[in-house]
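**Student:** The primary structure of each chain is shown beneath.
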Amino acid sequence: MHHWIGNKLLLVAIVCGITSGAWGLKPSSARAYHTYETRLLDTSAYSLHRRELRLGLMQLGYGIIDQLQVTTYTMPWFLGMILEDLAPNLEFKSTFYDRRRLALSASVGVVEGQAEQVTGDGESLTTKKVRYLIVPLNLASSVRINSRVSTHLGAQFTGTRVLGSKQPTDNEIRGATVVNLLQLWGMFEWRLTRVTAFTLTVRWVPWASDTVVRGDLVVDPNTGAVVGLEVEAFDLTNAFAIIPGFVFSWKRANIRVGAGYGDFFLEGFGLLIPGSTLHNISPELDVFVRF
Amino acid sequence: MTYLRLCSLLLLLCTTQLSCNSLDIPAAPDILPILEAYGDPDANVTGEIMGGLAETIADSQDGFEDSDIYEEVLDVIVSIQEELDASTDEQGDITLDGIGTFPAPSGAVEVNFICTGWGETETADSEKNGTLDLTMRLFGGSIGPLIWGTATGCQYRTTVAGKAFEISYDGDVAAYFGDFFSTTDSLRERLTTFIISGTIGINGKDVPIDRAFRVDESGRLDILMQLADGTSFIYFFGGGRFAQGIEDASGRFGCSLEDRQCITGSGTSFSW
Numbered sequence: 001m002h003h004w005i006g007n008k009l010l011l012v013a014i015v016c017g018i019t020s021g022a023w024g025l026k027p028s029s030a031r032a033y034h035t036y037e038t039r040l041l042d043t044s045a046y047s048l049h050r051r052e053l054r055l056g057l058m059q060l061g062y063g064i065i066d067q068l069q070v071t072t073y074t075m076p077w078f079l080g081m082i083l084e085d086l087a088p089n090l091e092f093k094s095t096f097y098d099r100r101r102l103a104l105s106a107s108v109g110v111v112e113g114q115a116e117q118v119t120g121d122g123e124s125l126t127t128k129k130v131r132y133l134i135v136p137l138n139l140a141s142s143v144r145i146n147s148r149v150s151t152h153l154g155a156q157f158t159g160t161r162v163l164g165s166k167q168p169t170d171n172e173i174r175g176a177t178v179v180n181l182l183q184l185w186g187m188f189e190w191r192l193t194r195v196t197a198f199t200l201t202v203r204w205v206p207w208a209s210d211t212v213v214r215g216d217l218v219v220d221p222n223t224g225a226v227v228g229l230e231v232e233a234f235d236l237t238n239a240f241a242i243i244p245g246f247v248f249s250w251k252r253a254n255i256r257v258g259a260g261y262g263d264f265f266l267e268g269f270g271l272l273i274p275g276s277t278l279h280n281i282s283p284e285l286d287v288f289v290r291f
Numbered sequence: 001m002t003y004l005r006l007c008s009l010l011l012l013l014c015t016t017q018l019s020c021n022s023l024d025i026p027a028a029p030d031i032l033p034i035l036e037a038y039g040d041p042d043a044n045v046t047g048e049i050m051g052g053l054a055e056t057i058a059d060s061q062d063g064f065e066d067s068d069i070y071e072e073v074l075d076v077i078v079s080i081q082e083e084l085d086a087s088t089d090e091q092g093d094i095t096l097d098g099i100g101t102f103p104a105p106s107g108a109v110e111v112n113f114i115c116t117g118w119g120e121t122e123t124a125d126s127e128k129n130g131t132l133d134l135t136m137r138l139f140g141g142s143i144g145p146l147i148w149g150t151a152t153g154c155q156y157r158t159t160v161a162g163k164a165f166e167i168s169y170d171g172d173v174a175a176y177f178g179d180f181f182s183t184t185d186s187l188r189e190r191l192t193t194f195i196i197s198g199t200i201g202i203n204g205k206d207v208p209i210d211r212a213f214r215v216d217e218s219g220r221l222d223i224l225m226q227l228a229d230g231t232s233f234i235y236f237f238g239g240g241r242f243a244q245g246i247e248d249a250s251g252r253f254g255c256s257l258e259d260r261q262c263i264t265g266s267g268t269s270f271s272w
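First to last, the sequence lines map onto chains A and B. Residues 1 to 291, numbered by the working numbering, are exactly what the first sequence covers, in order. Residues 1 to 272, numbered by the working numbering, are exactly what the second sequence covers, in order.
A few of these clues could be false.
[To be verified] 25 Å max Cα-Cα, derived SDA-like pairs, lysine to any residue:
no., chain 1, residue 1, chain 2, residue 2
1, A, Lys129, B, Asp89
2, A, Lys128, B, Lys128
3, A, Lys129, B, Asp85
4, A, Lys129, B, Thr101
5, B, Lys128, A, Gly224
6, A, Lys128, B, Ala104
7, B, Lys128, A, Phe188
8, A, Lys128, B, Pro103
9, B, Lys128, A, Asp216
10, B, Lys128, B, Asp89
11, A, Lys128, B, Asp89
12, A, Lys129, B, Thr95
[To be verified] Calculated from the model, a selection of chain B residues having no Cβ within reach of chain A, i.e. all distances over 10 Å:
no., residue
13, Pro29
14, Asp42
15, Asp66
16, Leu84
17, Gly100
18, Phe102
19, Ala124
20, Gly153
21, Asp185
22, Arg211
23, Ala228
To be clear, the hints were calculated from the coordinates, so they are not data collected in a lab. None of these values were measured; they are calculated from a predicted model. Built from N, CA and C at the ideal position, the CB exists for glycine as well.
Could you put the whole structure together from the sequences, leaning on the hints where they help?
**Tutor:** Quick look at the structure:
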């Protein structure tokens with residue numbers, strides 16, 4: 001098994017090397033689009049400038065001031081529309097230090113929503129509701145090694161709380177669960193041309209909390225209890241992904257695309273889908289305009 | 001700086017909403033020495049020893065029986081056991097509404113009981129009546145034999161032999177039921193070791209108590225007496241051919257606290 005994974009990783013590294021090498025050999029002119037001022041916003045410490053707007057497939061963002069941007073992720077809104085329940089989400093990211101070659105940022109976000117399933121009718125009508133709250137906290141640093149190469153390192157803590165209920169109830173225990181994840185990430189950025197930047201992103205989960213499912217139990221006005229169950233099915237510790245990709249940046253339009261090996265990390269939320277679900281393919285995709 | 005304040009508020013929201021990520025239960029008391037002492041009472045009781053302990057034994061028995069504290073705690077445990085049973089299927093799988101069914105669950109149950117108070121009718125006022133907090137462990141669908149917790153200013157009313165008592169208890173409690181049990185097992189039929197360490201108030205009179213009791217449904221009561229030299233013996237009430245007596249290194253023999261006398265198995269007697 002390890003041998004097989006090792007071969008896959010080696011293959012990914014070789015493909016990345018050849019591809020990036022080929023791009024690097026192409027003559028490049030002045031980098032008008034990937035500029036000193038205009039930096040990659042995702043998986044980095046940089047944020048939108050004051051009054052700058054980002055409209056994209058995955059995110060909508062606005063630079064309130066040079067050191068603070070506000071973002072909302074579109075996926076929860078889309079899912080909310082499908083599930084007929086809005087999923088408001090907001091993230092504040094502050095690039096609180098950006099001098100010379102180093103930039104530092106901190107961000108905090110909140111995603112809250114509800115999924116509802118109604119089955120049966122009449123007396124057999126059953127309504128299941130799952131409410132969720134996701135809170136990602138992120139610290140990031142970016143270092144401009146030279147005009148072409150930058151490195152980005154960061155840590156993200158994500159707390160997730162899920163609360164379930166059902167009407168009519170089968171029992172008196174309402175379920176809830178909390179999962180906390182710590183993710184470390186690093187991204188190598190190589191500006192190949194003024195339009196094209198190669199990125200190699202590595203993500204790793206060194207710690208994930210025990211998954212504890214909780215149920216509130218009410219016996220009578222005097223007696224209540226909290227049932228906590230340890231669930232071993234979701235061990236996310238040591239989940240990882242290695243993702244080579246490219247960011248194409250024109251005057252306003254930007255495309256980020258990549259595909260790698262490992263678990264699928266939902267950027268922004270710090271959540272992940274086990275690799276086995278997507279045959280260990282870990283994709284990256286975003287299309288946005290920035291003006 | 002406004003946005004920093006906003007971030008701080010969000011951070012506070014996060015920590016309050018997402019802080020329960022582990023079982024994080026109170027540490028269980030070490031009751032092994034008590035169980036070993038019950039299993040092998042190694043003191044050699046004499047009239048001199050009983051002279052120093054007879055009053056303590058009588059007070060412990062009165063405090064235990066008049067306060068009815070064991071029944072009070074057992075009622076809470078049984079009510080939780082019944083509620084868990086309502087959410088558990090025949091295979092022992094537990095269902096939490098909206099989350100799912102969990103086969104052979106392991107974890108913990110943290111019980112919060114608001115004591116019923118001294119009024120004629122029971123009330124649920126935790127400020128006035130105090131609380132009893134208990135911890136139960138679940139292991140693969142079974143409930144662990146040790147249940148422990150703390151009573152904080154717990155007030156309740158009890159009636160023993162037609163006489164009403166206003167009881168209060170402040171301190172630690174632990175109940176050991178001998179073996180793992182399911183949600184359907186009857187705990188009242190089990191030989192149970194019950195440990196209390198705190199202060200029992202009976203009609204306004206406070207009695208410090210730090211003792212282990214062993215009880216079963218027949219009315220048997222074994223009080224564990226630990227001596228300064230590290231040895232121990234059991235003073236029992238009921239549960240055999242003697243109405244009361246001692247079990248020590250020499251065996252079981254009858255005694256009477258009222259008559260201040262014991263008659264050993266070899267026929268000799270001692271008094272105090």
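**Student:** Each hint should be assessed against the structure and marked as holding or not.
**Tutor:** Hint-by-hint comparison with the structure:
Proximity of Lys129 of chain A to Asp89 of chain B is assessed by CA-CA distance (about 22 Å); at most 25 Å being required, the pair is judged to hold. Among the hinted pairs, Lys128 of chain A with Lys128 of chain B is inconsistent with the structure: their alpha-carbon atoms are about 38 Å apart, more than 25 Å. Among the hinted pairs, Lys129 of chain A with Asp85 of chain B is consistent with the structure: their alpha-carbon atoms are about 24 Å apart, no more than 25 Å. In summary, the hint linking Lys129 of chain A to Thr101 of chain B is supported, as the alpha carbons are separated by about 15 Å, within the 25 Å threshold.
Between Lys128 of chain B and Gly224 of chain A the alpha-carbon distance is near 18 Å, which keeps this suggested pair within the 25 Å criterion. Among the hinted pairs, Lys128 of chain A with Ala104 of chain B is consistent with the structure: their alpha-carbon atoms are about 23 Å apart, no more than 25 Å. The suggested pairing of Lys128 of chain B with Phe188 of chain A is violated, with an alpha-carbon distance near 62 Å, which exceeds 25 Å. At roughly 20 Å between alpha-carbon atoms, Lys128 of chain A and Pro103 of chain B fall within 25 Å of each other, so this suggested pair holds.
This hinted pair checks out: Lys128 of chain B and Asp216 of chain A have alpha carbons roughly 24 Å apart, not beyond 25 Å. With a C-alpha separation of about 38 Å, the suggested pairing of Lys128 of chain B with Asp89 of chain B is violated against the 25 Å cut-off. Restraint check: the Cα-Cα separation between Lys128 of chain A and Asp89 of chain B comes to about 20 Å, which is no more than 25 Å; the hinted pair holds. Between Lys129 of chain A and Thr95 of chain B, the direct Cα distance comes to roughly 15 Å. Compliance with the 25 Å bound is thereby established for this hinted pair.
With a least beta-carbon separation of about 20 Å from chain A, Pro29 of chain B lies farther than 10 Å from that chain, consistent with its non-interface assignment. The Cβ of Asp42 of chain B lies farther than 10 Å from every Cβ of chain A, with a closest approach of about 39 Å, so its non-interface assignment holds. Against the 10 Å criterion, Asp66 of chain B stays outside the reach of chain A, whose nearest CB is about 22 Å from its own CB. With a closest Cβ-Cβ approach of about 7 Å to chain A, Leu84 of chain B is found to fall inside the 10 Å limit, against its non-interface label.
At roughly 7 Å from the closest C-beta of chain A, the C-beta of Gly100 of chain B falls inside 10 Å, breaking its exclusion from the interface. Some Cβ of chain A comes within 10 Å of the Cβ of Phe102 of chain B; the nearest lies about 5 Å off, and the non-interface call is violated. Residue-level check failed: Ala124 of chain B sits 4 Å from the nearest beta carbon of chain A, not beyond 10 Å. With a minimum CB-CB distance of about 15 Å to chain A, Gly153 of chain B clears the 10 Å threshold, and the non-interface call stands.
Non-interface call for Asp185 of chain B relative to chain A: holds, since the shortest CB-CB distance, roughly 18 Å, exceeds 10 Å. No Cβ of chain A comes within 10 Å of the Cβ of Arg211 of chain B; the nearest lies about 26 Å off, and the non-interface call holds. For Ala228 of chain B, the condition that its CB be more than 10 Å from all CB atoms of chain A holds, with the nearest at approximately 40 Å.
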